[in-house]
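K.L.:
The chain contents come next:
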Amino acid sequence: MTTSLIIPPALILICAGLTLPLFALVRLRWLALLASPLAALWIVLTLPDGIHLNGSFLGQTLVFLKIDALSRVFASVFAIMAFAGGLFALNQKSTLELSAAFVYAGSAIGVAMAGDLITMFIYWEVMAIGSTLVILSSGRRGQGAGLRYAAIHMLGGVLLMAGVAGEIAATGSVAFTAMDLSTIPRMLIFAGFLVNVGAPPLSAWLADAYPEASWSGMVFLSAFTTKTAVYVLMRGFPGTEILIPIGLFMVFYGIIFAILENDMRRILAYSIVNQVGFMVTGIGIGTEMALNGAAAHAFTHIIYKALLLMSAGSVLYMTGKRKCTDLGGLFRTMPLTCAFGIVGALAISSFPATSGFISKSMISDAAGAEHLAFVWFALAAASAGVFLHAGIKFPWFVFFQKDSGLRPPEPPWNMLASMALMAFFCIGLGLYPKPLYDMLPYPVDYVPYTGAHVVYQLQLLLFSGLAFFLMLGLLKRTMTITLDVDWLWRRPGHALASFLDRFGVYTWEWLADTVVKGATGVRNALYQHHGPEGLFGRTWPTGTMAFWTTVTLGAVVILSYL
Amino acid sequence: MTDQGTSGAQPKQSKPAAETASDHWLVRPETIRRLWIVFIAILAATVLGDFFVEHHPHFGVDGTFGFGAWYGFASCVVLVLGAKALGLLLKRPDTYYDN
Chain A
1 MTTSLIIPPA LILICAGLTL PLFALVRLRW LALLASPLAA LWIVLTLPDG IHLNGSFLGQ
61 TLVFLKIDAL SRVFASVFAI MAFAGGLFAL NQKSTLELSA AFVYAGSAIG VAMAGDLITM
121 FIYWEVMAIG STLVILSSGR RGQGAGLRYA AIHMLGGVLL MAGVAGEIAA TGSVAFTAMD
181 LSTIPRMLIF AGFLVNVGAP PLSAWLADAY PEASWSGMVF LSAFTTKTAV YVLMRGFPGT
241 EILIPIGLFM VFYGIIFAIL ENDMRRILAY SIVNQVGFMV TGIGIGTEMA LNGAAAHAFT
301 HIIYKALLLM SAGSVLYMTG KRKCTDLGGL FRTMPLTCAF GIVGALAISS FPATSGFISK
361 SMISDAAGAE HLAFVWFALA AASAGVFLHA GIKFPWFVFF QKDSGLRPPE PPWNMLASMA
421 LMAFFCIGLG LYPKPLYDML PYPVDYVPYT GAHVVYQLQL LLFSGLAFFL MLGLLKRTMT
481 ITLDVDWLWR RPGHALASFL DRFGVYTWEW LADTVVKGAT GVRNALYQHH GPEGLFGRTW
541 PTGTMAFWTT VTLGAVVILS YL
Chain B
563 MTDQGTSGAQ PKQSKPAAET ASDHWLVRPE TIRRLWIVFI AILAATVLGD FFVEHHPHFG
623 VDGTFGFGAW YGFASCVVLV LGAKALGLLL KRPDTYYDN
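From first to last, the protein sequence lines are chains A and B. For the record, in the first sequence the residue sitting at position 162 is 162 according to the working numbering, with numbers rising by one throughout. For the record, in the second sequence the residue sitting at position 60 is 622 according to the working numbering, with numbers rising by one throughout.
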């Protein structure tokens, strides 16, 4: 433990979140929303590598605050995200949402800087509570989605806790280091991480819950849960091969469901699963280049996905509409929101000169370097698909497409400012990736801008664009949703629960009735024999007693002579 | 993209919207025609770009002429058709869960 006083960055944001309702003055609240993430970011960036805060708990030494390169990449982008999200959400009237979002963001930083399994698990669960409250605070639509979200994350938490307890019992150590899948507790930890990363079979929780949050809530939600899961997978299970097929499944699942989707924020939710799939694949490949690529992609992804969701959130905030079929033609009156959305769309598509280009290509090239042909071709097809499902589809259907007749003005200044900040990062890191490359866990020997790479990427993306416009008839939006795995617990699961509920009530009533009847019967029987008129209750003549005493004594005497 | 100008000129809602929509230069059929020409020129330029760079293919087929172009296009066609096929099975009205 170092002697100087170090405030954990996680606690700064959590305290800001918890005290937010006490700030009566709006301006003070703004100050807390903007200053606390900056303070946290400053500490994350200036703290030297190593353990900074530890303590003991249940006989174990817990490391509350530990930082290395990998922690710093994630913790710093979480802090940047909290700042940009806070700036974007200044107009949010729900104090509950903002408080919960800051507790959520702070605990995400806590996970990224936790030095042991128990500390990680505690922050992990605080995150689940914070994110659930963000969803629940959005009103009626958020209620059901929030409860379903909480149920899935409680399941993930139970798996993780069982795994952590088993791991500590088996090894006697709380250390959070790279593991293999050799024991059941480790498999449980792995499964707990996979729930949060949006892996199959439960990927559907993400697109079910996030789009039901408010216009600002989803901006926060997009950043932390899945990316802390990426972080813990990188920390705990780098190079675990099963992650490659899991990641590839997520990549294509996200694309296909986003192609079919009509709700603009559900399109972006599916594309979170898609992008996280790239990172999970990179972690599965497990080489230094692949892990660097996964970390860099998490960093850039948080920023451009937030930018896309801010653009979508601005449209929702100004029009109250979220379906592609209701939107279109907004570029006329929201040109800045449209332009920022396009920057985010280009970045997610890994267009040259954007941040996605300098991060995602590291993962593909790592697959190429390892001669994983299937992985490489799948990722290339998926890169084309990203441009199709998010890169063009989102801006086209929201801002162009047809004239919906809507003429909303631009959103307030702070929302534009946060989008400008994120767009700056998207293009800045695309043109000058060195600051990000310098932060990565392993030394970077990678040159993204070669002639061949740029030409290949432009061909891939622009011909995807051609495919989009030639197939526009097939991509026409309809007033539909696509059934996902969440159907299982929203329909048959719900029916089963209702049945069990009715069955339970019936059984209980039957049981209660039987017990009451039985008890009444016993009471009546007792009354019959012991009541005032009962055999044992009434007064007997003294002679009867003397008679029976004589009989008993006689019996005793006879028995003693036998 | 081509039918966007015409549908833009006939919005379902208010009349003033229709006038401003048809006025905006970006949605006029003439502009859209020019955008297509520029787009096709850029597409051709990126394919021709293969003559000027040296690819370092990992697997062979990824070094064929215009690989990014045909592979990107074909991937998207397969993905869209695959999604449509899945949609036939899994699409429901968006009020499905409301009751």
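Rather than coming from a laboratory, the hints here were simulated on the basis of the structure. Watch out, some of these pointers could steer you wrong.
Partial pick of chain A residues on the chain B-facing surface, computed with a CB cut under 10 Å [claimed, not checked]:
1. 256
2. 480
3. 527
Some residues of chain B that are not near chain A, with every Cβ distance over 10 Å (derived) [stated by the list, open to error]:
4. 592
5. 596
6. 599
Footprint (simulated), chain B over chain A, 3 or more residues, beta carbon under 8 Å [as the list claims (entries may be wrong)]:
7. 481 to 487
8. 530 to 536
All residues carry an ideal CB built from backbone N, CA and C; glycine is no exception.
K.L.:
Indicate, hint by hint, whether the structure satisfies it.
P.N.:
To see whether the hints hold, each was checked on the structure:
Proximity of residue 256(A) to chain B holds as hinted, the smallest CB-CB distance being about 5 Å (cut-off 10 Å). The beta carbon of residue 480(A) is positioned within 10 Å of a beta carbon in chain B (closest approach about 5 Å), and the interface hint is therefore held. About 54 Å separates the beta-carbon of residue 527(A) from the nearest beta-carbon of chain B, more than 10 Å, and the hint is not met. Every beta carbon of chain A lies more than 10 Å from that of residue 592(B), the smallest distance being close to 17 Å; the non-interface claim holds.
Distance check for residue 596(B) against chain A: the nearest CB is about 15 Å away, which clears 10 Å, and the non-interface claim stands. The beta carbon of residue 599(B) sits about 13 Å from the closest Cβ of chain A, which is more than 10 Å, so the claim that it is off the interface holds. Counting residues of the segment 481 to 487 of chain A whose C-beta sits closer than 8 Å to any C-beta of chain B gives 4, which meets the bar of three, so the coverage hint holds. Counting residues of the segment 530 to 536 of chain A whose C-beta lies closer than 8 Å to any C-beta of chain B gives 0; at least three are required, and the coverage claim is violated.
In this structure, the earlier hints numbered 3 and 8 are contradicted, and the remaining ones agree with it.
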